[in-house]
Each structure stands twice: as structure tokens, then as C-alpha cells.
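Number of protein chains: 2
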Amino acid sequence: MRICAATEADREAIWNIFHDVVASGDTYAFDPGISRRDALAYWFRPDTHTYVAKLNCFKQSSSEQAERVVGTYILRPNQFGGGSHVANAAFMVAPDAQGQGIGRAMGEHCLSEARRLGFRAMQFNFVVSTNRSAVRLWQNLGFKIVGTSPDAFRHPEKGYVDVYVMFQSLL
Amino acid sequence: MRICAATEADREAIWNIFHDVVASGDTYAFDPGISRRDALAYWFRPDTHTYVAKLNCFKQSSSEQAERVVGTYILRPNQFGGGSHVANAAFMVAPDAQGQGIGRAMGEHCLSEARRLGFRAMQFNFVVSTNRSAVRLWQNLGFKIVGTSPDAFRHPEKGYVDVYVMFQSLL
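These protein sequences, in sequence, are chains H and S.
Counting in the numbering used here, the first sequence runs from 49 upward without gaps.
Counting in the numbering used here, the second sequence runs from 49 upward without gaps.
Think of the hints as simulated: they come from the structure by calculation, not from any bench.
Keep in mind that the hints are not guaranteed to be accurate.
Identical chains blur together in the list; that is why a pair holds if it fits in one copy or across any two.
What the hints assert, rightly or not - Restricting the straight-line Cα-Cα distance to at most 20 Å, the calculated cross-link-like pairs of lysine to any residue (SDA-like) are:
1) 206 with 66
2) 102 with 219
3) 192 with 210
4) 192 with 209
5) 206 with 129
6) 206 with 217
7) 192 with 133
8) 206 with 168
9) 192 with 159
10) 206 with 132
11) 206 with 196
12) 206 with 79
13) 206 with 169
Remember, predicted model here, so these are calculated numbers, not experimental data.
Isolated chain H (complex conformation):
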């Protein structure tokens, strides 16, 4: 797997992942019907570093190797002014590529990038409590739950569920 800064050429693959992840409506507080344009504007906001995770794979009709974008993440200041030393990040893995450690690899890459860029901490503002694999992954990578908003997410099957703020110092 290779994780690198996203380029124009990755936009279509990112939109496909974004659309698939958001359509389920069970992990992210985006409108599931968000347009391609709005989604990419958010993911490539001027203050945002955008990355992709690529896997080598064989093209179906030949033995030629190709790379496939299987995940993407963004890293940016969580706030402006006096809050800009804390990073925020968001991660998405293609639904058919989940369970292969791509989220973990991107998480580790992201923490390293955040340190390189001089951020002093990282915060996730909106981790849906029923997204157990994400909560567990972030805890494994050093994040702590520092806040709980009761019933702050309407899960499509589970109804109103809690949302966590997760945080870790990078010092």
C-alpha cells in the first residue's frame, strides 16, 4: 500500500468512495445525497491536506499492474485563530476494501503528517459511538474519548445514538 497526497487524477476515485461511505448514513454527518461538487469542495478545501491510499492490483484483462485508490483522508486545522494548533482529520475506506488495515495505515500516516506539520494535538469532533471499529481503532492509535454528546446522531437503524469527541496530544 502507498499513501500519498491526492492529485486531480484521484478526484473521481475519491468521490466514489465518499459517495459509498456517506450513502449508508451510519457513520458520517453528511447529507447522504450530497453532490459530487460539494463533496469534493469539502474534501479539497483550501486549508485541507488530502491524501489517498493506493493498493497495487492486476487489471482484469491483462497481467499489467495498476494502482487502485482504496481509501482517502483529510487533515486540517480543527479551528482557526487560537484553535489552529489542533488538527482535525477524517477517513474513508472503500466499503469493499474494509477490514484490511487500510484505516489503521492511514491513521498512522495521518498522525505522522500532523506532527510533521507542527500540530500539537489531534481531535475528532464527531465519532459515532456505534461505529465500534473506528472507536477501537482510534483508541488503539492513542486517542481518548474526551466528550460524549448524548443522542447527537440519528442512526438509520439504531435511532438516536451518542457521539464522541476523541483527542490525543502529539507532544
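Following the hints, complete the assembly by docking chain S onto the known chain H.
Structure of chain S alone, referenced to chain H:
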């Protein structure tokens, strides 16, 4: 005092308050040098309800009464999609009009508006812990501290200080 929806005619007064409040850099995570254009775009975002608090006052050179904008607040969904039932709000009072209960009056008005608009809860994402009067006011109005991000705000005099997430159900 009168609290009502902001109009085009209030933009100059709102910008003056916004600028004065943000310039101090000790309560809000905005760039203290934010432009008028960016500030008003944020305060009048399409998904945002914008209000002003007006006080009757006498014009200096006559006995004619006039209204002065002494405070402003915004109310909007804190998140999209599955998080849109929780409201977010932000409040600003003109520095020379503080300590007169304008913040409290706007807070009560805001909670009532949020209920009227059908929000199920309200969350403040970024209450600087050293802003004691704000923390106390929100607690008096029913908010609880549900999260603490350590050292997440760089106060211009006090250095790195904690930031609270404050929340209350409206049901």
C-alpha cells in the same frame, strides 16, 4: 431590548461587533484578522439563522430615539445528515455593552427559537474554559459540560487552556 432576525441593514453593526469581539482573540477560534467579507459570509451562511439584539437609545444630538445593535447571535444545525437535529449557536455582545444581561437574553431567545425550529438539542463545540462568564451563563441556562479538550485554545495571555463542549437536550 428587542431581539429579532437580522436584516441587510444590520450588517455593518454586526461586523463592528464581530470585529471587536474577535480582535481580542481570547474567546473565539477565528483568525483575529478575518475580513469583513469572510466574517459576514460566516455569520449569514445560507443554513444559518442570524439575530440581533437592539437597545433603544437617544441620539446624541437630539431627543429622537434610535435603536442600537448591541449583540448578535447565530443558530444553525451543528452537523448535516444524521447530526442535523442538534443545533449550534454562537453569541457576540458589543464590548461596551457587556454585563447588562444581553448575552443571557439572547441565550434564552436562542433556546426558544431552537425549540420552535424543531431542534432536539443544542451544542456549543468550542467554549474556551477561561471565558468564565460564558461558561457560567450557559450552565445557568441548562447546559452541561460534556467534553473537555485539553489545551485546545491558545489564549493570548494565559497560554494553552482547555476548551469545553457544552450540551443540553431541548426535549
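Hint-by-hint comparison with the structure:
no. : hint         : verdict
1   : 206 with 66  : neither (22 Å within a copy, 41 Å between copies)
2   : 102 with 219 : neither (29 Å within a copy, 46 Å between copies)
3   : 192 with 210 : both (15 Å within a copy, 15 Å between copies)
4   : 192 with 209 : both (19 Å within a copy, 18 Å between copies)
5   : 206 with 129 : between (37 Å within a copy, 15 Å between copies)
6   : 206 with 217 : between (32 Å within a copy, 19 Å between copies)
7   : 192 with 133 : within (18 Å within a copy, 26 Å between copies)
8   : 206 with 168 : between (36 Å within a copy, 17 Å between copies)
9   : 192 with 159 : within (14 Å within a copy, 31 Å between copies)
10  : 206 with 132 : between (35 Å within a copy, 16 Å between copies)
11  : 206 with 196 : within (17 Å within a copy, 27 Å between copies)
12  : 206 with 79  : within (18 Å within a copy, 39 Å between copies)
13  : 206 with 169 : between (32 Å within a copy, 18 Å between copies)
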